[in-house]
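Novice: Take a look at the letters that make up each chain.
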Amino acid sequence: MYLDDQFRVKVGLAEMLKGGVIMDVTNAGQALIAEKAGASAVMALERVPADIRKEGGVARMAPISKIREIMQTVSIPVMAKARIGHFMEARVLEALEVDYIDESEVLTPADEEHHIAKRDFKVPFVCGARNLGEALRRIAEGAAMIRTKGEAGSGNIVEAVRHIRTIVKEMKQLTVLGPEELVAESKKHQAPLELIQYVAKHGKLPVPNFSAGGIATPADASLVMQLGAEAVFVGSGIFKSDDPEARARAIVKAATYYKDPAKLLEASEELGIGMHGLDIGKLPESELLQTRGW
Amino acid sequence: MPTIGVLALQGDFEAHEKAFQQAGARTVQVRAAADLDSIDALVIPGGESTTMLKLIHAESLMEPLRQFGLSKPIFGTCAGAILLASQVSQPEQDSLGLIDISIQRNAYGRQLQSHVAQLDLDGKPLEAVFIRAPIIRRTGGSVRVLARHKGDPVLVEQGPHLAATFHPELTAGRGVQILFLEKVRTCAKN
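Protein sequences, first through last, are from chains G and P. Terminal number for the first sequence in our numbering: 294, no gaps in between. Terminal number for the second sequence in our numbering: 1190, no gaps in between.
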């Protein structure tokens, strides 16, 4: 593992976000609502994933003025998204001093072969993953936090569940294998042996593992946390609902009391109808965001 | 063996549990006022102090925590130190006021200013991880400073309570946990 001081402070901030909710926001007003509701961080982006899906076009890093306005408005950490492989968007966000960069499949990829070489940066990165191999490749590149991808902007939890279950199952499987089998697993997962060995020994990733993509209700947040996610990202689920403030508060509560159905009931009591969801099975392959990146 | 409760509303509470178990304590997670009845001392972990504060208010935990602190030790790290302080700035926010310090949030700057430093604790070296850390700007007369970094107090105690602006749960040494457990034992005797 690359446990130099720089990597440790990157992972350190991810540790502080555990048990919390990171909310997508597009302006200072939304950021303030998120902070007041108890978000542990906000993610600045130009459009929430549901709108990117609907409007199409190229989705890029958010306008700097918007990100700066959000940074000046809230005291919690501010993250921002950069396109996959777009290391110059990332350099700009680093110069702006955002607290975390999400190299995100939600934006239009800038490079179809290479992700950003994230270890070269002082700012920490979070990346999406659908399985263990993808997670470990991102960590090898320098990601200090992993989030399962789910299907962003869908309001449908099925893909987030699939991805967290896959990663947790693949990690469990490694813990019972012998050293020579781990070498074969390294090949199978297309991930560095060193990281495969780490997971086999500890039964978990060397960085925090959060969940994203389709969380729309308090029960959704609780579900993925029961399955092993250590915190949640909520994108369109909050600001595409009828009741952003109440829903944001309820999801924060659900992340804390994810094992307690009575508290979840209490959290869900005042909520109306959530965002309109999509049937993933009816989406054409070309509209899936999760298949971006490798 | 003392039982240390760790406030588990948000943040790195699991890292604290592991650290105190390694230092020889039993740990339980605290999410409600009733959980305070069965513990000898409380840890308020690192995390986002605004988030924890919302959840503390939502669960009406402010008064029970304050009452607990009148008779039992509390140890706060980073966000926990902010919650223990008597005065919080940048922005101003509510706190328990159990340690007479004024503390400024995110005082080193943003994440790019997070860093690892070597401190001196009672003549012994202590590695300290600072994550978007606060700075203690004032200490009251009854507060004792145990360690400093660049001249600012970073580990302080008042009566049974202990506060660190860094994260002793994220480094390998268990000196700070052992120090707190000694305070817990002393408090139990009195």
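Heads up, a few of these hints could be off.
Per the computed footprint, the stretches of chain G lying under chain P, defined by three or more beta-carbons under 8 Å from a beta-carbon of chain P, are [what the hints assert, rightly or not]:
hint, region
1, 60-68
2, 176-183
With a straight-line cut-off of 27 Å between C-alpha atoms, the simulated DSS-like cross-links for lysine-lysine are [claimed, not checked]:
hint, chain 1, residue 1, chain 2, residue 2
3, P, K1189, G, K204
4, P, K1189, P, K1150
5, P, K1018, G, K259
6, G, K204, G, K122
7, G, K201, P, K1072
8, G, K122, G, K66
9, G, K188, G, K204
10, P, K1072, P, K1189
11, G, K122, P, K1150
12, P, K1018, P, K1189
13, P, K1150, G, K169
14, G, K204, G, K169
15, G, K122, G, K169
16, G, K201, G, K188
17, G, K259, G, K282
18, P, K1150, P, K1072
19, P, K1018, P, K1183
20, G, K172, P, K1124
Simulated from the structure, these hints should not be mistaken for laboratory data. Note that beta-carbon positions come from the ideal geometry of N, C-alpha and C, so glycine has one too.
Novice: Hint by hint, note whether the structure agrees.
Specialist: Tested hints:
1. Counting residues of the region 60-68 of chain G whose CB lies closer than 8 Å to any CB of chain P gives 0, so the stated coverage by that chain is violated, three being the minimum.
2. Figure legend: the region 176-183 of chain G, annotated as covered by chain P; annotation inconsistent (0 residues with Cβ-Cβ distances under 8 Å, at least 3 required).
3. The suggested pairing of K1189/P with K204/G is violated, with an alpha-carbon distance near 41 Å, which exceeds 27 Å.
4. For a cut-off of 27 Å, the pair hint linking K1189/P to K1150/P is broken: about 36 Å separates their Cα positions.
5. Simply put, K1018/P and K259/G have alpha-carbon atoms about 20 Å apart, close enough for the 27 Å limit, and the pair holds.
6. Only pairs whose Cα atoms come within 27 Å are accepted, and K204/G paired with K122/G is accepted, the gap being roughly 25 Å.
7. With a C-alpha separation of about 38 Å, the suggested pair K201/G and K1072/P falls outside the 27 Å cut-off, and the hint is violated.
8. Only pairs whose Cα atoms come within 27 Å are accepted, and K122/G paired with K66/G is accepted, the gap being roughly 22 Å.
9. Using a Cα cut-off of 27 Å, the hinted pair K188/G and K204/G holds, with the two alpha carbons roughly 18 Å apart.
10. The straight-line distance between the Cα atoms of K1072/P and K1189/P is roughly 11 Å, inside the 27 Å bound, and the hint therefore holds.
11. In summary, the hint linking K122/G to K1150/P is supported, as the alpha carbons are separated by about 22 Å, within the 27 Å threshold.
12. Distance restraint check for K1018/P and K1189/P: the Cα-Cα separation of roughly 26 Å lies within the 27 Å cut-off, and the hinted pair is therefore satisfied.
13. A C-alpha spacing of about 46 Å is found between K1150/P and K169/G, which places the hinted pair above 27 Å, so the restraint is violated.
14. A threshold of 27 Å between alpha carbons decides the hint, and for K204/G with K169/G the separation of about 11 Å falls inside it, so the pair holds.
15. A threshold of 27 Å between alpha carbons decides the hint, and for K122/G with K169/G the separation of about 32 Å lies outside it, so the pair is violated.
16. Proximity of K201/G to K188/G is assessed by CA-CA distance (about 18 Å); at most 27 Å being required, the pair is judged to hold.
17. At roughly 32 Å between alpha-carbon atoms, K259/G and K282/G are farther apart than 27 Å, so this suggested pair is violated.
18. With a CA separation close to 31 Å, the supplied pair K1150/P and K1072/P exceeds the 27 Å bound.
19. Using a Cα cut-off of 27 Å, the hinted pair K1018/P and K1183/P holds, with the two alpha carbons roughly 19 Å apart.
20. Distance check on the hinted pair: K172/G and K1124/P sit about 40 Å apart at the alpha-carbon level, beyond 27 Å; violated.
Violation of the numbered hints given earlier is confined to hints 1, 2, 3, 4, 7, 13, 15, 17, 18, 20; the remaining hints are satisfied by the structure.
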